[in-house]
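J.: Just so you know, the protein sequences line up as chains A and B, in that order. Counted the way numbering that gives the first Met the number 0 counts, the first sequence spans residues 0 to 254. Counted the way numbering that gives the first Met the number 0 counts, the second sequence spans residues 0 to 432.
Worth flagging that the hints you see were computed from the coordinates, not collected in a lab. Take these hints with a grain of salt, some might be off.
[Claimed, not checked] Straight-line distance between alpha carbons at most 20 Å, and here's what the computed SDA-like set of lysine to any residue pairs gives:
1. K399/B <-> G166/A
2. K378/B <-> D177/A
3. K418/B <-> D363/B
4. K161/B <-> G222/A
5. K40/A <-> D349/B
6. K350/B <-> Q413/B
7. K40/A <-> N256/B
8. K218/A <-> R387/B
9. K304/B <-> T326/B
10. K378/B <-> Y178/A
11. K69/B <-> T28/B
12. K350/B <-> P365/B
13. K40/A <-> D303/B
14. K304/B <-> P38/A
15. K378/B <-> A183/A
16. K218/A <-> P365/B
17. K40/A <-> S329/B
18. K218/A <-> A260/B
19. K40/A <-> F389/B
20. K378/B <-> P179/A
21. K378/B <-> Y173/A
22. K378/B <-> G166/A
23. K2/A <-> E70/A
24. K378/B <-> L187/A
25. K350/B <-> L43/A
26. K40/A <-> R387/B
27. K40/A <-> S327/B
28. K378/B <-> I171/A
29. K378/B <-> I167/A
30. K30/B <-> P70/B
31. K40/A <-> V391/B
32. K218/A <-> A261/B
33. K378/B <-> F175/A
34. K40/A <-> R281/B
35. K378/B <-> E70/A
36. K146/A <-> L74/A
37. K40/A <-> Q282/B
38. K218/A <-> T98/B
39. K41/B <-> T98/B
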Amino acid sequence: MNKIIKYVFYDIVRNKIVLAYTLFLLLLSIGLFNLGGNPDKAILSLLNLVLLTVPLISIIFATTHFYNSYEFMELLVAQPINRKKIFMSEYLGVACSLSGAFVLGVGLPVLFFGASLTGLYLVLTGVFITFIFVAMAFLASVITRDKAKGIGIALLLWFYFALIYDGIVLFILYSFSDYPLENATLALTALNPIDLGRIIVLLNLDVSALMGYTGALYKSILGSLWGVGLAFGLLLLWVLVPYFTSRRIFSKRDL
Amino acid sequence: MRDLSKHIIFILATLVLLLLGNSVTYGSTLKVCKTCTYTSVKQAVAKAKPGDTVLIEGGEYKEHGIEVNKPITILGRNYPVIDGNYKGQIITITSDNVTVEGLTLKNIGTSYTRDDAAIRVIERSNIRILNNTILNTYFGIYLQNSDNCVIKGNVVTGQDVKGLNESALGNAIHLWYCDNAVISNNKLQGHRDGIYLEFVKDSEVKNNLSENNLRYGLHFMFSDRNVYTHNTFRMNGAGVAVMYTRDIRMEHNTFENNWGAAAYGLLLKDISSSIIHNNTFRQNTTGIYMESSSRLDIKHNEFDKNGWAVRLLSSCIQDTFRLNNFTSNSFDVSTNGTPTMNHFENNYWDKYSGYDLDKDKVGDVPYRPVSLYSMLVEKVPPSIMFMRSFMVDMMDNIEKVLPSFIPENLVDEQPMMRKNNYDNDRKLTKVVR
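All chains, please: the whole structure from these sequences, using the hints.
T.: Here you go:
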C-alpha cells in the first residue's frame with residue numbers, strides 16, 4: 000500500500016499543476032501579509048480566499064486525477080491487491096499532496112508573519128477542507144463513469160457548499176426571523192464544512208465582538224478547547240462520511 | 000465741604016474696619032499633623048471657624064465621618080492620606096463655599112443602603128473639589144442637589160472591574176440634580192460609571208479621561224444644555240450613554256476601544272437638538288448607536304475601524320451627517336427599517352468606488368452606506384455568522400449595482416473623493432495629556 004501511495008504522490012508532485020497551486024497560495028499569502036500591517040487582518044483576508052479557492056481546486060483536481068488514473072487503477076485491480084487498499088492509497092496520495100501544497104503555500108507564511116493560535120486554526124481548517132473536498136471529489140467520480148458528468152457533479156458540490164448553502168440558510172433565517180434561531184444556526188453551520196471552518200477562525204479574531212449574542216453563544220460553545228476539538232471532530236466526520244461512502248461504492252462496483 | 004470730608008472719613012473708617020474684620024475671620028490656619036495642636040482632621044474641622052483653612056500635613060490619618068458644616072478650606076500639603084478603613088464616608092460637606100484640595104482619600108466599603116462616597120456634598124453650592132486622589136472607594140465624589148460646583152484635577156481609581164457585578168460598584172463622579180457644574184481634567188477608572196450625571200443642567204465636562212469602567216465612561220440622563228469637550232473615553236464596558244436629553248454639545252471627544260458584544264462608542268437614546276462635532280470614534284463595536292434621536296448635527300467626525308460606524312434605527316428623524324470620515328469600518332451605516340428625513344452629505348467613505356469626472360472633489364455617483372447584509376443582520380441577528388461568506392459579499396455587490404432592498408433615502412448624494420481634512424485640536428490635546 001505504501002508503495003502505491005508513494006507512486007501516486009510522486010506522480011502528482013511531478014505534475015506542474017500542484018507546483019503552480021503551491022506557488023499561487025504562497026504568493027497570495029505573502030502578498031496579503033505584506034499588504035496590511037496587521038497580521039490579524041491578513042489572516043482574515045486569507046481565510047476568505049482559502050475558503051473559496053481551496054475547495055474548488057481540491058475538488059476539480061481530485062476529480063480529473065481520478066479519471067486520468069482510471070487505467071492505472073484497472074491495472075492494479077488485476078493484481079492481487081484489495082480494492083479498498085487501492086482506493087485508500089489513491090485518496091491519501093491526492094489528499095496528502097494537495098494538503099502538502101497548502102501547508103507550504105499558506106502554513107509557512109502564516110508561521111513567519113502571523114504565528115498565532117488563529118493562524119494554526121486557519122492552516123488546520125485548510126488541511127481539513129482539502130481532505131473533505133478530495134473525498135467529495137472521489138465520491139463524485141465513483142458515482143459515474145462519465146468524466147464530464149463526474150466533473151459536473153464535483154462542480155455542483157463545490158457550488159452548493161460555497162454558495163448555495165449559505166443562501167438557503169440565510170433565506171431560512173430570514174423566513175423564521177420571529178423565532179430564536181441561535182441554536183438552529185449553530186446546527187445549520189455544522190452541516191457545511193466551509194462555514195464551520197470559517198467560524199472556527201472568525202471566533203478567534205477580534206471581529207467576534209461584532210457577532211453579538213449569537214457570537215457569544217458560539218464562543219461559549221466553540222471557545223473552549225473541548226469546543227474546538229468538537230468542531231474539528233465534525234470536520235473529521237466530514238472527511239470520513241464521503242470517504243467511506245465512495246470506498247463502498249468503489250469496492251462493489253463493476254469497473 | 001466739611002460735611003463731605005466727615006462722610007469720607009466715616010466711609011474710610013468703615014472700609015478699614017471691614018478689611019480688618021475680614022483678615023481676622025479669614026486669616027487663621029489650623030494645622031493638622033502628628034505633632035501639631037490638632038492631630039486629627041476631625042478635631043481641626045470642628046474647631047475651625049467659617050473662613051478658616053485646615054492645613055493637613057503629609058502622613059496617614061485613619062479617619063471617617065468628617066462633617067464639614069461651615070465654609071472652610073481643607074488643604075493637603077505633602078500628600079496626606081486619609082484612610083477611611085471601610086467604616087463609612089470620609090468627608091461629608093453640608094455647607095456652602097467649601098474647598099477640598101490636595102488630599103488622598105482611600106478605602107470606602109461597599110454600602111448598598113447609604114451609597115458611601117469619599118466626598119459627598121449634600122444640598123450645597125459653590126463647592127470646589129480640586130486635585131484629590133481617591134483610591135479604592137465605592138462612590139468617589141457624590142454631589143446631590145448642589146449647584147455651581149467645580150470638580151477639577153482629581154484622580155479617582157477604583158478596582159479591577161473584570162468579572163465584577165454592576166451593583167457591587169459605585170460611580171467615580173456622581174451628580175444628581177446639580178446645575179452649572181464644571182467637571183474637568185479628572186482621571187477616572189475602575190468604577191461602574193466614570194461620570195454619572197442625572198438632572199444636571201448647564202454644566203461643562205471637559206478634558207477628562209475615563210477608562211476601564213465596568214459600564215459607561217460617561218452616563219447622563221435628563222441633563223440638558225451641557226457641554227462635553229476634549230474628553231477621552233476608552234475601554235469602558237459599554238462606552239458612553241446619553242439618554243433623554245436635549246441641547247447637548249459634544250465636541251473633540253475621543254471614543255476608543257469600547258469593544259465587546261454589547262459595547263458602544265456613543266449610545267444616544269431620545270436625544271434631540273444636539274451637536275456632535277470633531278469627535279473620533281475608533282475601534283468600537285458600534286461607533287454611534289442612535290435610537291429615537293432627532294435633529295442632531297453630526298459633523299467632522301472620524302469613524303475608524305469600528306464594527307458598525309453608525310447604527311441608525313428607524314426611529315431617528317432629521318439627523319444630519321456632514322463632512323465625516325468613514326474608514327475601515329466593517330459596516331458603515333446600518334438600520335433596521337427606513338429612517339426618514341436623515342441627511343447624509345459630503346462624507347468620505349473608504350468603500351466608495353465612484354468617480355469624479357468634473358474634478359470638483361465630489362463623487363459623481365451617490366453612495367449608499369447601508370449594505371443589504373447589514374440590514375439583514377439588523378433584522379435577523381444570527382445571520383451575522385455568515386459574515387465574510389462569499390455568498391454575502393456577492394449579495395452586497397449585486398445590491399450595490401441594482402439597489403432594491405436598501406432604503407432609498409439613506410444615500411450620500413455627494414460623497415467626497417478624498418478624506419475630509421478639518422482643523423481639529425485633538426492631536427494637541429493628546430500631546431498635552
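J.: Within a Cα-Cα threshold of 20 Å, do K350/B and L43/A meet the stated pairing?
T.: Distance of about 18 Å is within 20 Å: holds.
J.: Would you check the hint for K378/B and G166/A, treating anything up to 20 Å between C-alpha atoms as holding?
T.: holds, 16 Å
J.: Given the proposed pairing of K218/A with T98/B, does the C-alpha separation stay at or below 20 Å?
T.: violated, 51 Å
J.: Is it true that the CA of K378/B sits at most 20 Å from the CA of P179/A?
T.: holds, 12 Å
J.: Quickly compare the C-alpha distance for K40/A and R281/B to 20 Å and report which way the hint goes.
T.: Status holds; Cα separation ~16 Å.
J.: Straight-line Cα separation of K2/A and E70/A no greater than 20 Å?
T.: Between K2/A and E70/A the Cα gap is close to 18 Å, so the pair holds against 20 Å.
J.: Checking one constraint from the list: CA of K304/B to CA of P38/A, max 20 Å. Satisfied?
T.: Cα-Cα ~15 Å, so holds.
J.: Holds or violated: K378/B with Y173/A, Cα cutoff 20 Å?
T.: holds, 8 Å
J.: Take the C-alpha atoms of K378/B and F175/A, compute the straight-line distance between them, and say whether it is at most 20 Å.
T.: Since the Cα atoms of K378/B and F175/A sit roughly 11 Å apart, the hinted pair holds (cutoff 20 Å).
J.: Quickly compare the C-alpha distance for K40/A and Q282/B to 20 Å and report which way the hint goes.
T.: holds, 14 Å
J.: Has the given pair, K218/A with P365/B, been kept, meaning a C-alpha gap of at most 20 Å?
T.: Distance ~39 Å between K218/A and P365/B Cα, so the pair is violated.
J.: Is it true that the CA of K378/B sits at most 20 Å from the CA of L187/A?
T.: Holds, because 19 Å separates the two Cα atoms, which is no more than 20 Å.
Violation of the numbered hints given earlier is confined to hints 16, 35 and 38; the remaining hints are satisfied by the structure.
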